[in-house]
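*Asks:* Given next are the chains, with one letter for each unit.
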Amino acid sequence: VAARGCGGVWRRAWQRCPASRPRRAVACNARGGAVPAGQSGLAPWIPVVGLEIHAQISSNSKLFSGSQVQFAAPPNSLVSFFDASLPGTLPVLNRRCVEAAVMTGLALNCRINKKSLFDRKHYFYADLPAGYQITQQRVPIAVNGSLSYSLCIDNKMSQMVTKTVRIKQIQLEQDSGKSLHDDARSQTLVDLNRAGVGLMEVVMEPDMCSGEEAAAAVRELQLILQTLGSSQAIMAEGQLRVDANVSVHHPGEPYGVRTEVKNINSIRFLAKAVDYEIQRQIEELENGGTILNETRAFDSKLGCTVPMRDKEGKQDYRFMPEPNLPPLILYDTKSLPANVNHQQVVNIDWIHERLPDLPSVKRAKLVELYGILPEHSFTLVNEDGLTEFFENVVKQTQMKPKKVIGWILSDLLSRLKQHSLTVKESPVGSFLLADLLNLLERGEISSSAAKQVFEELWKGEGKTPLEIVKEKQLELIQDQEELEQICQAVIDEREKE
Amino acid sequence: QQVSAALREGRVTPTELCQRCLARIKSTAFLNAYITVTGEAALRQAEEAEERHRRGQPLGVLDGIPIAVKDNFNTAGIETTCASNMLKGYISPYNATVVQKLLDQGAVLLGKTNLDEFAMGSGSTDGIFGPVRNPWSYSRQYKEKSGAKSGSEHEESDWVITGGSSGGSAAAVSAFTCFAALGSDTGGSTRNPAAHCGVVGLKPTYGLISRHGLIPLVNSMDVPGILTRCVDDAAVVLGSLAGHDPKDSTTVQDIFQPFELPNLTDVSKLSIGIPKEYCAPGLSSEIQAVWSKAADLFKDAGAKVVEVSLPHTPYSIVCYHVLCAAEVASNMARFDGLEYGHRSDVNKSTESMYAATRREGFNDVVRGRILSGNYFLLKQNYEDYFVKAQKVRRLIADDFVKVFGSGVDILLTPTTLSDAVPYTEFIKEDNRTRSAQDDILTQAANMAGLPAVNVPAALSGRGLPIGLQFIGRSFQEKQLLTVAKWFEKQVKFPMIQLEEMKRGDHGVLQHQKSASFS
Numbered sequence: 001v002a003a004r005g006c007g008g009v010w011r012r013a014w015q016r017c018p019a020s021r022p023r024r025a026v027a028c029n030a031r032g033g034a035v036p037a038g039q040s041g042l043a044p045w046i047p048v049v050g051l052e053i054h055a056q057i058s059s060n061s062k063l064f065s066g067s068q069v070q071f072a073a074p075p076n077s078l079v080s081f082f083d084a085s086l087p088g089t090l091p092v093l094n095r096r097c098v099e100a101a102v103m104t105g106l107a108l109n110c111r112i113n114k115k116s117l118f119d120r121k122h123y124f125y126a127d128l129p130a131g132y133q134i135t136q137q138r139v140p141i142a143v144n145g146s147l148s149y150s151l152c153i154d155n156k157m158s159q160m161v162t163k164t165v166r167i168k169q170i171q172l173e174q175d176s177g178k179s180l181h182d183d184a185r186s187q188t189l190v191d192l193n194r195a196g197v198g199l200m201e202v203v204m205e206p207d208m209c210s211g212e213e214a215a216a217a218v219r220e221l222q223l224i225l226q227t228l229g230s231s232q233a234i235m236a237e238g239q240l241r242v243d244a245n246v247s248v249h250h251p252g253e254p255y256g257v258r259t260e261v262k263n264i265n266s267i268r269f270l271a272k273a274v275d276y277e278i279q280r281q282i283e284e285l286e287n288g289g290t291i292l293n294e295t296r297a298f299d300s301k302l303g304c305t306v307p308m309r310d311k312e313g314k315q316d317y318r319f320m321p322e323p324n325l326p327p328l329i330l331y332d333t334k335s336l337p338a339n340v341n342h343q344q345v346v347n348i349d350w351i352h353e354r355l356p357d358l359p360s361v362k363r364a365k366l367v368e369l370y371g372i373l374p375e376h377s378f379t380l381v382n383e384d385g386l387t388e389f390f391e392n393v394v395k396q397t398q399m400k401p402k403k404v405i406g407w408i409l410s411d412l413l414s415r416l417k418q419h420s421l422t423v424k425e426s427p428v429g430s431f432l433l434a435d436l437l438n439l440l441e442r443g444e445i446s447s448s449a450a451k452q453v454f455e456e457l458w459k460g461e462g463k464t465p466l467e468i469v470k471e472k473q474l475e476l477i478q479d480q481e482e483l484e485q486i487c488q489a490v491i492d493e494r495e496k497e
Numbered sequence: 001q002q003v004s005a006a007l008r009e010g011r012v013t014p015t016e017l018c019q020r021c022l023a024r025i026k027s028t029a030f031l032n033a034y035i036t037v038t039g040e041a042a043l044r045q046a047e048e049a050e051e052r053h054r055r056g057q058p059l060g061v062l063d064g065i066p067i068a069v070k071d072n073f074n075t076a077g078i079e080t081t082c083a084s085n086m087l088k089g090y091i092s093p094y095n096a097t098v099v100q101k102l103l104d105q106g107a108v109l110l111g112k113t114n115l116d117e118f119a120m121g122s123g124s125t126d127g128i129f130g131p132v133r134n135p136w137s138y139s140r141q142y143k144e145k146s147g148a149k150s151g152s153e154h155e156e157s158d159w160v161i162t163g164g165s166s167g168g169s170a171a172a173v174s175a176f177t178c179f180a181a182l183g184s185d186t187g188g189s190t191r192n193p194a195a196h197c198g199v200v201g202l203k204p205t206y207g208l209i210s211r212h213g214l215i216p217l218v219n220s221m222d223v224p225g226i227l228t229r230c231v232d233d234a235a236v237v238l239g240s241l242a243g244h245d246p247k248d249s250t251t252v253q254d255i256f257q258p259f260e261l262p263n264l265t266d267v268s269k270l271s272i273g274i275p276k277e278y279c280a281p282g283l284s285s286e287i288q289a290v291w292s293k294a295a296d297l298f299k300d301a302g303a304k305v306v307e308v309s310l311p312h313t314p315y316s317i318v319c320y321h322v323l324c325a326a327e328v329a330s331n332m333a334r335f336d337g338l339e340y341g342h343r344s345d346v347n348k349s350t351e352s353m354y355a356a357t358r359r360e361g362f363n364d365v366v367r368g369r370i371l372s373g374n375y376f377l378l379k380q381n382y383e384d385y386f387v388k389a390q391k392v393r394r395l396i397a398d399d400f401v402k403v404f405g406s407g408v409d410i411l412l413t414p415t416t417l418s419d420a421v422p423y424t425e426f427i428k429e430d431n432r433t434r435s436a437q438d439d440i441l442t443q444a445a446n447m448a449g450l451p452a453v454n455v456p457a458a459l460s461g462r463g464l465p466i467g468l469q470f471i472g473r474s475f476q477e478k479q480l481l482t483v484a485k486w487f488e489k490q491v492k493f494p495m496i497q498l499e500e501m502k503r504g505d506h507g508v509l510q511h512q513k514s515a516s517f518s
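Chains as they are written, first to last, in the UniProt record's numbering: chain Y, 1 to 497; chain B, 1 to 518.
Source of the hints: derived by calculation from the structure; they are not laboratory data. Just so you know, these numbers come straight off a predicted model, no measurement behind them. Wrong hints could be hidden among the right ones.
Unchecked claim - For the chain B half of the interface with chain Y, some residues (derived, Cβ under 7 Å), not all of them:
(1) Ile-215
(2) Ser-249
(3) Glu-360
Unchecked claim - Some residues of chain Y that are not near chain B, with every Cβ distance over 12 Å (derived):
(4) Gln-70
(5) Arg-111
(6) Leu-128
(7) Phe-269
(8) Pro-326
(9) Lys-334
(10) Tyr-370
(11) Asp-384
(12) Glu-475
All C-beta atoms, glycine included, are put in the ideal place defined by N, C-alpha and C.
Start from the sequences and build out the full structure, keeping to the hints where you can.
*Replies:* In structure tokens:
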């Protein structure tokens, strides 16, 4: 089994990831015959992974127009004159979107640019009504930040390592509409509901070197965005889109040609896509081929990346300043002019003061407050709603949090995962679990009995723990005399035989 | 005070006024000033205005006053074409802010006026509805001077252009079909036709009046322009249009105070600058003489008249062309036939549909600017063309800042190089050449965002109007128009004598003696 992880290097490692081994398909050329590490005599490879992430801003209306932002509305029902690019319409910047970007920039340790600019990026496509996208190419709203994320080594929760990826910049830009290709009738259907929705593009520098790292970084970003409320960041609803830039090179040599991988619809697929692409490039190069600077799509069914059809040559986007939007000026308490209408300005310090606890802070607080292990808090924060559940149980029980956590992680969570349920969908609520744990803590039942009761509770038949205990006669007998009688009875039985 | 007062006093009713104007539009239809005439709607608006006047509750000075609007402003429910096949048949779903403001004041919208396609041109000759004819072509003054008999064959070949691109609006005002009209001004498109048609053409400071609903040519230079028969009227219209619009992020936030123009009597405290670079190559000796005479007029009345220099003036035309083409290429990208407007029948693929739609929808002037604009915006060319032009633009603007900072209040320059040329001569050169020639005196003000106004000054040897331009400091329209009004009073520019006017319209003419409504 090959070593992996940054600092280590990659070797051809077919055996390691059977799931991501390419199947036989026209575009994905799998050669058999894995080369065990160390025997190949080939030089090691260093994979380089960077990410471009588009997060849809959680706001009532779009970035430059007043139409509503809503998922899955009837086609073309949320389109203003400006969104449809009717001639004569002008963009008006949405304050909430600016605040969301500032919040995100601050949470990612960026420098917020007090003056940022808007530009037009031109290309023709059916879902881009104006023929250009308004974005921030010259001076984005936030730059030079960092994101820390945690990985477990070798799938052992107990060995976590913290890594950092640099954030190059965050820029505000418009989302495009959606086009659906109907090849049967050779037509394209265009829905402009999404056209003009605010996006934050977060650019992560190529500091990562595996699918796992990329996935962990994105997961952490997702948690941060959700905590801030600046984006709901649900990948399945298109609120978080990730493109990966992948290349490989030998140590000491310059970076290799990179490819861009798109069409990644979940964090799990992100890891797969990146790992596949790394392996594909390694194989290609070791077989004497070259890597094209191209865009590839991840095919989740086949588990591989394929070249995208319609990218002919490099596009010149003919960037030009957006003349209808003056520079975006942000203030802090020092630079805020004296008599100003607070509705008209965004104060960075004001936003900073009101930032909620970020996931990393939350984890640290959980460890400190409850005496649980860091990897426990990692799981708590990672699962939507689990922290709340845990804290609710702790509140309602005398059992020590260090013991409660075991129930939460081993019993509750594992069962949820088995049945693909979210915490919110749990048949056992925090109240019931607390009840049960209290019985255990008071010594009224044994721990094995408690497990049985938990099983029963899981069925969700509405019985309380106490009711189940009584029903199944799982009470621990405390009475000395009664115990003596039972023991005597058993001894007597034995003696008879 | 003239017509507006007449309306208020009941000497004439809004509906009568409206009907007379509509009749006039019909009788001057050969001018081709209007693309769309909204007769029914206008009469309804006039009736409502009449009702308000009857109750003694007019909305303001503009209530009941017939106006026309250039066809690149969006007007709800009314076709808005920009004189292009791309938008032929396009019914706009909303009113431009300036249109809405006029309607809210009770103005009566008579129709949409003709222009060069997408406002690209200096003759109002390159639109799909044909060229606009200068009403002065049919004036007694022109006919006498040109020695032409009033036989239609001579009229047919000798008629002169209006200038552009707001030629339709200028002609509409000049021929008494309306009392005020909206144009647009990007490189001189309001002032140029104003000069050729003998009317007042005001280009306000960039950022003073909302562009929401004005179909853009160059977003960083466009402004709505105001065309009227006298300076006081321009001030009134300005007062009803200026002010911050939340829908246009490039309008200034400052509160605008409408003003009445004082009757200036003492100009001794005034400093008039005469920029020497505006004695441009090709400037006719006639216009030079009128310019000189005007400078003397100010001097004799006690004002300080100084020669100044705006050294980067010779570069402004090329600079303008680069920036204009770049913005045009960008602004026209939205016309793909998908959401609105013309769509070609070619449907092999999306790309081929785009290409065919745009080839069919745009004339070659527009297509030419799109191609050059895209060229300038290519990554490898961007620094050399676009950024360079922006830097030169800054230098041009700084020229003005220096001059105004040195104590000069107003600049006095010619508006055009010559009086209006006959159409047959104009079309001998292509649009690009003509624009380069004709915009030379007007477009620096657009580059710097300054307010400027054309005031008719005299008639040329051929009996055609010659106008002079005043350029003022940013947002100092009051000072600019005050000086312009003084000048207007001094020169007493003659009224156009159209033969058609002899019959029927005499009554209206009484009220229009000084051709004003304010």
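*Asks:* Hint by hint, say whether it matches the structure.
*Replies:* Outcome of the hint check:
Contact between B:Ile-215 and chain Y, as hinted, is supported at the beta carbon level, the nearest pair being about 4 Å apart and thus within 7 Å. Residue-level restraint check for B:Ser-249 holds (minimum Cβ-Cβ distance to chain Y is 6 Å; threshold 7 Å). Taken as an interface hint, B:Glu-360 does not check out: its beta carbon lies about 16 Å from the nearest beta carbon of chain Y, beyond 7 Å. The beta carbon of Y:Gln-70 sits about 21 Å from the closest Cβ of chain B, which is more than 12 Å, so the claim that it is off the interface holds.
Distance check for Y:Arg-111 against chain B: the nearest CB is about 25 Å away, which clears 12 Å, and the non-interface claim stands. Residue placement check: Y:Leu-128 does not keep its beta carbon more than 12 Å from all beta carbons of chain B (closest about 9 Å). Every C-beta of chain B lies more than 12 Å from that of Y:Phe-269, the closest at about 29 Å, which supports listing it as non-interface. With 12 Å as the threshold on Cβ separation, the claim that Y:Pro-326 sits away from chain B is violated: the shortest Cβ distance comes to roughly 6 Å.
No beta-carbon of chain B comes within 12 Å of the beta-carbon of Y:Lys-334; the shortest separation is about 23 Å. At roughly 50 Å, the least C-beta separation between Y:Tyr-370 and chain B is larger than 12 Å, which holds for a residue marked as non-interface. Chain B leaves Y:Asp-384 outside its interface by the beta-carbon criterion, the shortest separation being 39 Å against a cut-off of 12 Å. The Cβ of Y:Glu-475 lies farther than 12 Å from every Cβ of chain B, with a closest approach of about 71 Å, so its non-interface assignment holds.
In this structure, the hints that do not hold are numbers 3, 6 and 8, in rising order.
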